[in-house]
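Colleague: Chain by chain, the residues run as shown.
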Amino acid sequence: MQAIVAGLCGIVFGSGLALSGMTNPAKVLAFLDVAGVWDPTLAFVMTGALATTAAGFALARARLRPWLAETFALPTRRDLDADLLGGAVLFGVGWGLVGLCPGPALANLSRPSAEILVFVGAMLAGVAAHRLLWSRRAARNASSPPPAPLAGASRSR
Amino acid sequence: MTLSPDFTPLAGLAGGALIGLASAALLLANGRIAGVSGIVGGSLRAAPGDLGWRLAFLVGLPLGAAALHALQPADHGFAITSRLGVLVLGGLLVGFGTQLGSGCTSGHGVCGLARGSRRSLAATATFMLTAAVTVFVVRHVLGGL
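Chains A and B, in that order, are what the protein sequence lines are. So in numbering that gives the first Met the number 0, the last one in the first sequence is 156, and the numbering has no gaps at all. So in numbering that gives the first Met the number 0, the last one in the second sequence is 144, and the numbering has no gaps at all.
Just so you know, these hints were derived from the structure itself, not from any lab. Where hints are given, some of them may not hold.
[What the hints assert, rightly or not] Partial selection, computed: residues in chain A whose CB lies under 10 Å from chain B:
| hint | residue |
| --- | --- |
| 1 | Phe30 |
| 2 | Asp82 |
| 3 | Trp94 |
| 4 | Pro103 |
| 5 | Ser109 |
[As the list claims (entries may be wrong)] Reference excerpt, derived from the structure (chain A facing chain B, CB under 7 Å, subset only):
| hint | residue |
| --- | --- |
| 6 | Leu28 |
| 7 | Val44 |
| 8 | Phe118 |
[As the list claims (entries may be wrong)] Covered stretches of chain A, going by a simulated chain B footprint (3 or more residues, C-beta under 8 Å):
| hint | segment |
| --- | --- |
| 9 | 5–18 |
| 10 | 33–40 |
| 11 | 55–64 |
| 12 | 69–81 |
| 13 | 129–142 |
Bear in mind that the values here come from a model prediction, so they are computed numbers and not experimental data. For each residue, glycine too, the CB sits at the ideal point set by N, CA and C.
Only chain B is shown next, with the shape it has when bound in the complex (with noise of 0.2 Å):
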């Protein structure tokens, strides 16, 4: 195993601690999981007076991910490099998966394994191994796609 020169622990731990943050908010003032794609899955089908803080919170994310950008414009390295069909059929995926599965990475990988949940454990577990298997089949069996 070779170890990337591109490993950045501290922003990683720091930018994690920022997220940590504002999961934390969002519970102990509105008493809601910040799972993005449990967000995103709500707003379709939002009874009047939900929809609201559902559209704040995903429009808040280009937001605070621009302020960064501005404040620390050296993000090197930063690729979108897939295919068209790949980016279609990852999307698809990821779209369809976190519904079926009830999370991804924030509400069960953040949120559901932070408050000890079995289910987010399960599925933590589950979707990280198979990323990781699916990665090192299109890389390394497959040679790219």
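Isolated chain A, as found in the complex (with noise of 0.2 Å):
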């Protein structure tokens, strides 16, 4: 059943992406570029998809449960740390290399082409290779020692 309900989320999601312009990569430049000829309508596709999912988040507060799971799954961090904030950095450069991010180069595999399976094909190793050096990163935590006394004493290895 959420599997269901997650599959007509993503259809109406994708079909709001469509109609709103931004499966197009050249619009969502065009946004970004405000020292070129402007096209502000990204600004109104976030206004409509804000509004609407605030009064959700409204509606949620009020539950303790969802419909369908036993627990709203939230994120609970609240501090601005250095991967949240480089990680931004490093997608908003690719975003603005291409105009694609996440969501509408998914769409975008409804009128596959040549460009768009590159695109998607690169940004899934990306996906990949964060999980490959994650799970590294957290393997070395989980295995190094407490820290030496000693300044040198960890050198010897």
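Hints are included, so try docking the two chains, each in its own frame, into the full complex.
Modeller: See the structure below:
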């Protein structure tokens, strides 16, 4: 049941991306190009999306649990760390280079071309690369001994 | 500043409302954030029983776009004009960056801002600014890539 609802949500989400023109990288780049011939449409998409999503969160706050699941799976962190901001910088550069972020990139698989397949392939490779590095970092943190009392003690490794 | 003749505020608002409707429904029904990069990343390390809804949502994205294109074939001006190297570099940065930064335009920009998350506000401001600077450098400093 959850998968059926998620599938319908994906369909509505994808149709919204297409209706708003956000599947078109040229239109996204025209929003980001404030010094060129500017297309403010993306700001209107954000406004429409934020208004309805905020209403959804207001309804969710009044409930103890979702209709189909045990709990609301929401992020709890509030700190601003280097991963968050560094990741946003890398993402912003990639988004500005091509004009595609993950949702529109996947929605554009509806009209497959060599360009979109290359972009989505590279995007998934980037996701997998992070997964690989992240699991190594987690393993290293878990297996490394507590800090040595003497500064030089760990250098012999 | 010159305003583009392609500016479509009403279609933008309506499309945005559909995006928000889908995000609100996924939250209220399944208790999940409709962040595309988060749903993709989670698919790679999903516990049994957690994969189905993720794949269903992701497959729905192109289906919904295809349905809309069928209803509204006049999607003029669609163009992915980047060269191969730029597509690969851009894709890698988008994939890696959204995982490192825990979200993209949908997760941070829509869901995060809608629930008043300070991390999402910082991330959204950062990637919007960085993307705009990137476009400025590519178009107005380098003269295109």
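Colleague: Does each hint fit the structure? Answer for all of them.
Modeller: Tested hints:
This hint holds: Phe30 (chain A) has a C-beta 9 Å from the nearest C-beta of chain B, less than the 10 Å allowed. Hint status for Asp82 (chain A) relative to chain B: holds, with the closest Cβ pair at about 5 Å, below 10 Å. This hint holds: Trp94 (chain A) has a C-beta 4 Å from the nearest C-beta of chain B, less than the 10 Å allowed. Taking 10 Å as the C-beta contact cut-off toward chain B, the hint placing Pro103 (chain A) at the interface holds, the least distance being around 8 Å.
Contact between Ser109 (chain A) and chain B, as hinted, is supported at the beta carbon level, the nearest pair being about 4 Å apart and thus within 10 Å. Because the closest C-beta pair between Leu28 (chain A) and chain B is about 6 Å apart, less than 7 Å, the hint holds. For Val44 (chain A), the interface hint holds, since its Cβ comes within 7 Å of a Cβ in chain B; the closest pair sits about 4 Å apart. For Phe118 (chain A), the suggested interface contact is upheld, since its CB lies about 4 Å from the closest CB of chain B, less than 7 Å.
Here's how the segment 5–18 of chain A fares: 14 of its residues keep a CB closer than 8 Å to some CB of chain B, so the rule of at least three is met and the hint holds. Counting residues of the segment 33–40 of chain A whose CB lies closer than 8 Å to any CB of chain B gives 8, so the stated coverage by that chain holds, three being the minimum. Check on the segment 55–64 of chain A: 6 of its residues sit with their Cβ under 8 Å from a Cβ of chain B, so the three-residue criterion for coverage holds. A stretch counts as covered by a chain when three or more of its residues have a beta carbon under 8 Å from one of that chain; for the segment 69–81 of chain A and chain B the count is 10, and the coverage holds.
As drawn, the segment 129–142 of chain A meets chain B at 3 residues by the rule of a beta-carbon pair under 8 Å; at three or more, the given contact holds.
In the structure shown, no violation is registered for any of the earlier numbered hints.
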